[in-house]
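**Student:** What follows is each chain in one-letter form.
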Amino acid sequence: MKTARDVLAKLLRDPAAALGLVIIIALVLAALLAPVLATHPEAVWDMNPRQRLLPPSETYLFGTDRMGADIYSRTLFGARITLVIAIVAVGAALVIGVPIGLVSGWRRNWFGEALMRVSDIFLAVPQIVLAIAIAQTLGPSIENIILALSVTYWPWFTRLVHAEVRALKNETFIEAAIALGVPTWRIILTHVLPNVMSPIIVRTSIGMGFTILTASALGFLGLSAPPPAPEWGRMISESREFLPEAWWYALAPGLAIFLVVMGFNLLGDGLRDVLDPRIRRAAGGR
Amino acid sequence: MRIVALVLKRLAWLAPTLAGLVAIVFFISRVIPADPVALLAGETASRAQIELLRQKLGLDQPLIVQLAQYYKQLLSGDLGTSLFTTRPVWEDLSARLPATIELTVAAMLVSVVLGIPLGVVAALNRNNFVDHLLRVVTVAGLAVASFWLALLLQLLFAMDLRWLPLQARITGFPPPAITGFYVVDALIEGNFTRLGNVLAHLTLPALTLAFPALATVVRFTRAGVLETLQRSFVTYQRAMGIPAGLIVWKYVLRNSLVSTVTQIGLLFGILLAGAVVIETVFQWPGIGAYAFEAILQSDYPGVMGFTVYAGFVFGVVNLIVDVGHAVLDPREAAA
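Chains as they are written, first to last, in the working numbering: chain P, 113 to 398; chain W, 981 to 1315.
Be a bit skeptical, because a hint or two may be false.
[As the list claims (entries may be wrong)] As a list, the in silico DMTMM-like pairs of lysine to aspartate or glutamate whose alpha-carbon atoms are at most 20 Å apart:
1) P/Lys281 <-> P/Asp388
2) W/Lys989 <-> P/Glu225
3) P/Lys122 <-> P/Asp385
4) W/Lys989 <-> P/Asp232
5) W/Lys1036 <-> W/Glu1023
6) W/Lys1052 <-> W/Glu1071
[To be verified] Have a look at the derived ranges for each label pair, beta carbon to beta carbon:
7) W/Ala1148 <-> P/Gly251: 28 to 36 Å
8) P/Lys122 <-> W/Leu1146: 46 to 54 Å
9) W/Asp1015 <-> P/Asp158: 33 to 41 Å
10) W/Gln1041 <-> P/Phe354: 47 to 55 Å
11) W/Val1116 <-> P/Pro147: 32 to 40 Å
12) P/Pro147 <-> W/Ala1148: 41 to 49 Å
13) P/Pro338 <-> W/Ala1148: 24 to 32 Å
14) W/Gln1147 <-> P/Pro153: 35 to 43 Å
15) P/Asp388 <-> W/Ala1157: 48 to 56 Å
Just so you know, the hints here were simulated from the structure itself, not pulled from any lab data.
Glycine included, every Cβ here is placed at the ideal spot set by N, Cα and C.
This is chain P alone, in the form it adopts within the complex (with noise of 0.2 Å):
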């Protein structure tokens, strides 16, 4: 396991993996400062009928919506729901995931089998399918659709974490910590558990775009946060009714949700080549 100033210093090397870093620490920025760079904070959740569907200006810099706010402050502020989305619904899958990866990987009886047939059944049909039908029973919120990502994708986890470890678990250094009986519990968070930080870490980055993706494909579908919340899908889907007159109504949101996804997989790439040179960079689009 390298330091992560090691990590850091041969990221920052690689121009693509540091231009992912940028756009992240762009989007934590916009999501945390919001209030402080939009240009009209106060009209991302009010009516402005006078100022309805205004082209690019230099007070609006994207533009105005249907309901006359500003789409740049209201893309500041949908980072936001953006941000806790994909952290939450990531880190929940991590923790879901990881564990039963864990479990399955090390126990090679019927129940790891059984553990990993269960996910192959959440990954024998596209995510956004079985997101879909949780969002639609539980109704239009972001903590719905979080709950529907989270259980939706924590199988992604097990599979990788899985497969590593039933490989490490012919290593010698394993081998011969059960021999010498230190207790599996031990073993899995000292031993095996570092040793598969790196893919681990390479797919929550990965993960993360994909994520925020299908977050907003839901909604734009019309099944995440109801509005006036400023979501980046649902500001797309709005602007459908508009075009093609306001042809500026969708911009700022999907180049937002272009730029975010852009900047995960970027540093995905950037991290696996670092901290896993055994995989190819092409591998993986998930």
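Since chain P is already given, all that's left is putting chain W on it; use the hints.
**Tutor:** For chain W alone, kept in the frame of chain P given last:
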């Protein structure tokens, strides 16, 4: 026959997976909601109607009995009745499946036909300008929200330039229904005006849907070609003086496509998932647009039926891809 054994093995695996999926959908639709009957009956149902449905569905029974009944119902092809169309969900979806398959296959063709040569070109130009340019395109393909890209393309090609139709599958009457695939039906009919019409409608949605899959194909082909170029048979062929073009496009490509072909099952997953959203934007009358309508109308049986149906289609498609792969590469069948 090895292939038959493989099909049986995969079928034996598919059945419990689908059963598990149904159990998950059952849990989502019957256990999570406070009153599942009210959801199934819809917002406009009266109290008496809800009670009638409760008895009909046997929701007073223990959960395990309900699950068994749900399996029995599904085995007879009953996915429930749509509240919106008032027809069986199974019939609605089956009528719309050809539209989705047509769109998905078109996108698949675009991504493979463009993606493989681009991947080879990227590998041959490793780390120079062309490779970097293609990397930017693939990174963008995996990062762009497909529904946003769809809107941009509509804005440019349909609304502004007016080169291509904005939405729908066809203008005017569809070709006589033989296969349900408009491209095939128009060909059988021999009506080339109609075929042109159908292809024009297919272009934008297929391109939008293909973009992320294209990025995946390019990345995998590039990596596969780079790996194969290291192998000793390439060095040997070079030493023998075989033209570089022939080595790359014939021998290297064939050897590196194995990993790309393996990805086709994965691609179908990306494409089917993408279709849900893309169909909505282009008013493409497939199962994805149906799911969106069902969400809008709070058509609960429609949404749940769609989930099971999509899982079923996905399982069958994967089965076909696996078997096709085994036919192409017999080593796979042995594994």
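**Student:** Now tell me if each hint is right for this structure.
**Tutor:** Quick rundown of the hints versus the structure:
no. : hint                               : in the structure
1   : P/Lys281 <-> P/Asp388              : holds (18 Å)
2   : W/Lys989 <-> P/Glu225              : holds (17 Å)
3   : P/Lys122 <-> P/Asp385              : holds (9 Å)
4   : W/Lys989 <-> P/Asp232              : holds (16 Å)
5   : W/Lys1036 <-> W/Glu1023            : holds (18 Å)
6   : W/Lys1052 <-> W/Glu1071            : holds (18 Å)
7   : W/Ala1148 <-> P/Gly251: 28 to 36 Å : holds (31 Å)
8   : P/Lys122 <-> W/Leu1146: 46 to 54 Å : holds (48 Å)
9   : W/Asp1015 <-> P/Asp158: 33 to 41 Å : holds (36 Å)
10  : W/Gln1041 <-> P/Phe354: 47 to 55 Å : holds (50 Å)
11  : W/Val1116 <-> P/Pro147: 32 to 40 Å : holds (34 Å)
12  : P/Pro147 <-> W/Ala1148: 41 to 49 Å : holds (44 Å)
13  : P/Pro338 <-> W/Ala1148: 24 to 32 Å : holds (29 Å)
14  : W/Gln1147 <-> P/Pro153: 35 to 43 Å : holds (37 Å)
15  : P/Asp388 <-> W/Ala1157: 48 to 56 Å : holds (52 Å)
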